[in-house]
Amino acid sequence: MTLPPILRRWETLLLVLLVAIGAVNIAWSPFYLGVGNIVNLFQLSIEKIIVALTMTLIIVNGEIDLSVASVMGLSACVAAYLFHAGIALPWALLASLAAGAAAGAFNGFWVAYVGLPSLAVTLAGLIGYRGIARILVEDRAYGGFPDWFNALGQQPWIGPVTVSIVVFLVMFAGVAVVLHGSALGRLVYVMGNNVQAARYSGVRVKRVKLLLFTASGTVAALAGLLYAARLGSVRGDMAVGFELDIITIVLLGGVSIFGGSGNLVGVGLSILLILNLRNGMGLANITGNTQTSVIGALLVLSVLVPNMAQTLHTKWKGRET
Amino acid sequence: MKKILLATVAATMLGLLAPHGASAQTTIEPGKPVEMVLLPKFLGILPFDQAHKGAEEAAAELKNAKTLQYLGPTPENSVAGQIEIVTNATTQGVGAIMMSNNSGDQIVPAAKAAHAKGIKVVTWDSPIPSAEGEDVFVAQVDFSETGKVMADMALSIMGPDGGKFAILSASPDAANQNAWIAAMQTALKDPKYAKLEVVGIVYGNDQSEASYSQALALVDKYPGIKLIMAPTSVGIVAAAKAMQDEKLCDKIKVSGLGVPAEMLAYTKNGCAPQFALWSFVDLGYLSYYTAYGLATGAIKAEAGASFKAGRLGNYTITKDPTRKEGLRVLMGPFSKYDASNVEAAAK
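Protein sequence lines correspond, in order, to chains A and B.
Here the first sequence is numbered in our numbering, starting from 7 and rising by one per residue.
Here the second sequence is numbered in our numbering, starting from 710 and rising by one per residue.
For the record, the hints were derived by calculation from the structure and aren't laboratory data.
Some hints could be false.
To be verified - 25 angstroms max Cα-Cα, derived SDA-like pairs, lysine to any residue:
id: 1; chain 1: B; residue 1: Lys826; chain 2: A; residue 2: Asp145
id: 2; chain 1: B; residue 1: Lys826; chain 2: A; residue 2: Val41
id: 3; chain 1: B; residue 1: Lys775; chain 2: A; residue 2: Met287
id: 4; chain 1: B; residue 1: Lys930; chain 2: A; residue 2: Asp145
id: 5; chain 1: B; residue 1: Lys826; chain 2: A; residue 2: Arg140
id: 6; chain 1: B; residue 1: Lys826; chain 2: A; residue 2: Val45
id: 7; chain 1: B; residue 1: Lys1033; chain 2: A; residue 2: Gly92
id: 8; chain 1: B; residue 1: Lys930; chain 2: A; residue 2: Gly137
id: 9; chain 1: B; residue 1: Lys1033; chain 2: A; residue 2: Ala91
id: 10; chain 1: B; residue 1: Lys930; chain 2: A; residue 2: Arg140
id: 11; chain 1: B; residue 1: Lys826; chain 2: A; residue 2: Ile32
id: 12; chain 1: B; residue 1: Lys826; chain 2: A; residue 2: Leu142
id: 13; chain 1: B; residue 1: Lys1028; chain 2: A; residue 2: Gly150
id: 14; chain 1: B; residue 1: Lys821; chain 2: A; residue 2: Ile292
id: 15; chain 1: B; residue 1: Lys1033; chain 2: A; residue 2: Tyr148
id: 16; chain 1: B; residue 1: Lys826; chain 2: A; residue 2: Trp34
id: 17; chain 1: B; residue 1: Lys821; chain 2: A; residue 2: Ala157
id: 18; chain 1: B; residue 1: Lys762; chain 2: A; residue 2: Gly42
id: 19; chain 1: B; residue 1: Lys1033; chain 2: A; residue 2: Val211
id: 20; chain 1: B; residue 1: Lys826; chain 2: A; residue 2: Gly42
id: 21; chain 1: B; residue 1: Lys775; chain 2: A; residue 2: Ala157
id: 22; chain 1: B; residue 1: Lys775; chain 2: A; residue 2: Phe37
id: 23; chain 1: B; residue 1: Lys826; chain 2: A; residue 2: Asn291
id: 24; chain 1: B; residue 1: Lys821; chain 2: A; residue 2: Gly137
id: 25; chain 1: B; residue 1: Lys762; chain 2: A; residue 2: Leu289
id: 26; chain 1: B; residue 1: Lys950; chain 2: B; residue 2: Glu1052
id: 27; chain 1: B; residue 1: Lys775; chain 2: A; residue 2: Asn291
id: 28; chain 1: B; residue 1: Lys826; chain 2: B; residue 2: Glu1034
id: 29; chain 1: B; residue 1: Lys826; chain 2: A; residue 2: Ser35
id: 30; chain 1: B; residue 1: Lys775; chain 2: A; residue 2: Asn43
id: 31; chain 1: B; residue 1: Lys960; chain 2: A; residue 2: Asp145
id: 32; chain 1: B; residue 1: Lys821; chain 2: A; residue 2: Ser35
id: 33; chain 1: B; residue 1: Lys821; chain 2: A; residue 2: Met287
id: 34; chain 1: B; residue 1: Lys762; chain 2: A; residue 2: Asn295
id: 35; chain 1: B; residue 1: Lys775; chain 2: A; residue 2: Pro36
id: 36; chain 1: B; residue 1: Lys821; chain 2: A; residue 2: Val30
id: 37; chain 1: B; residue 1: Lys826; chain 2: A; residue 2: Met287
id: 38; chain 1: B; residue 1: Lys826; chain 2: A; residue 2: Gly150
id: 39; chain 1: B; residue 1: Lys977; chain 2: A; residue 2: Val45
id: 40; chain 1: B; residue 1: Lys775; chain 2: A; residue 2: Ala91
These numbers were taken from a predicted model, which means no experiment stands behind them.
Whole structure, please, built from the sequences with the hints as guidance.
Written out as structure tokens, the structure is:
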């Protein structure tokens, strides 16, 4: 029994699931296809899916960045803190992006130049950056941003589409070009497959890794600012736990946790899949643990199915020869 | 002249009476179909389930043909989850959202969007701090009374010699807990509490494990404390369990705001000799009456509006004295529990 290659692809499975979920949503809720709902569907998770794009690069590269949600919180808190200390908001925003870049570069330094595992380094970042964020804003909630800032996260810009959604679409195109159409993208895959081989063939492994982690930190900071703009108020616990949702999206997209394989089409489909699933469950009044469990089950499948298929495939081949 | 004077007096008196006449108790008309969402801070703890029970009771009395939706996020995803639920309810165009707000002012954009679509937003248990996007807050008890009740329990447990005690709260920006703690600090200024001293506040984020370890951390950090005061139903149970597990109940007592069913064992064994609470069932019930009344147009969200809320009797909407802006309906009163009455209340 051999399936045509296109049907064996992970992306095909995601597409089938996506169509199925879309169909169920249409059947269940008359509100699902409304323009406002489609915009909300993206808006409610927009910061996570923006960070998922750089996370894809990191994971394909064979690393992980657990600190992204803490960097999101840190950037929002830095901006709010500086703004309330009397600094003009544009400068505060720039400073917070710089803080994100610095946090990412700090992670990258330990991973690339010292050779520590990114799991450990960014776990420390997850705790440390959140700590700094909490020290900055303490127990307070900072609001009172100018209207133009809140509008960045809340108001439609092009038609019904918000600034955040435009940022996401532009970044999606950008990351697609980098990963699938550039020399850097090829290096990301090569290193993800076999970092030793890459090193011996003259790839500047350290520089690439530092660049990726810095990009991850910067984008997380940008996402944190968009989140602050969407909510109109900043607290120390902003975006806590988001890293798991972000990594879930990437893994469900068929990106191997061991690096070296996966593509942005899969991640794009996975984003649509999870967002539509969440939205559909929300409109069907399924919330809380039930919702979490369904998405959790999906992730378990996404990790198990390809691995089991691989194992079975190898066994089958072994029998043939 | 005398007649004119008399007439003036009469007119003035009528004038005084008129507002009362105009705001006579509105009877809320049952039987209208209104989609309503009850949104707790998160699912899975008893007080919110009790509020749900009370809201269901009111829904049955008001013969609302639409099923009450009890929707909530998980504790870990409370803020983003509440925003998501409010946004989806807005998409669905429900009639009213009743929310125990856990998101501070971060809920404001979502609440305003709901409000702009004509949805009535009633908060209960915990309001929107800025009151933006909110019609009315159904307050459980007066915040200053909460402070006094906690001060009294502290005095009664620690005795006339007083001593040091610490506070285990929910999250650092939980609007209600902060207001209660502030009210207690104010109450403690009364000379009668002169020997009571608050040494510190820690936060367990309304999660059992975090609250448990924060309670133990308090014991290490402030040796010699005689009491942990926890104005949160999650925190008080966790603290009582921590003291019981560490066999510290002889030295350190626990008090605060708790649910009788959860506190029964600890009150019986002396770890938490006294605690207080309002009825969450009644709070859910009153919130439902308020939201239903607003959504059906029977009540207007303005100071002075009065209405009858079923078995609980009459209530009036007033300006909320605990916030800069906003309206509230005050439920009250407190119930205090100790070994003598906790068993009956736990049933």
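Item checked: Contradicted hints - numbers only -> 1, 5, 12, 18, 19, 21, 24, 31, 36, 39 and 40
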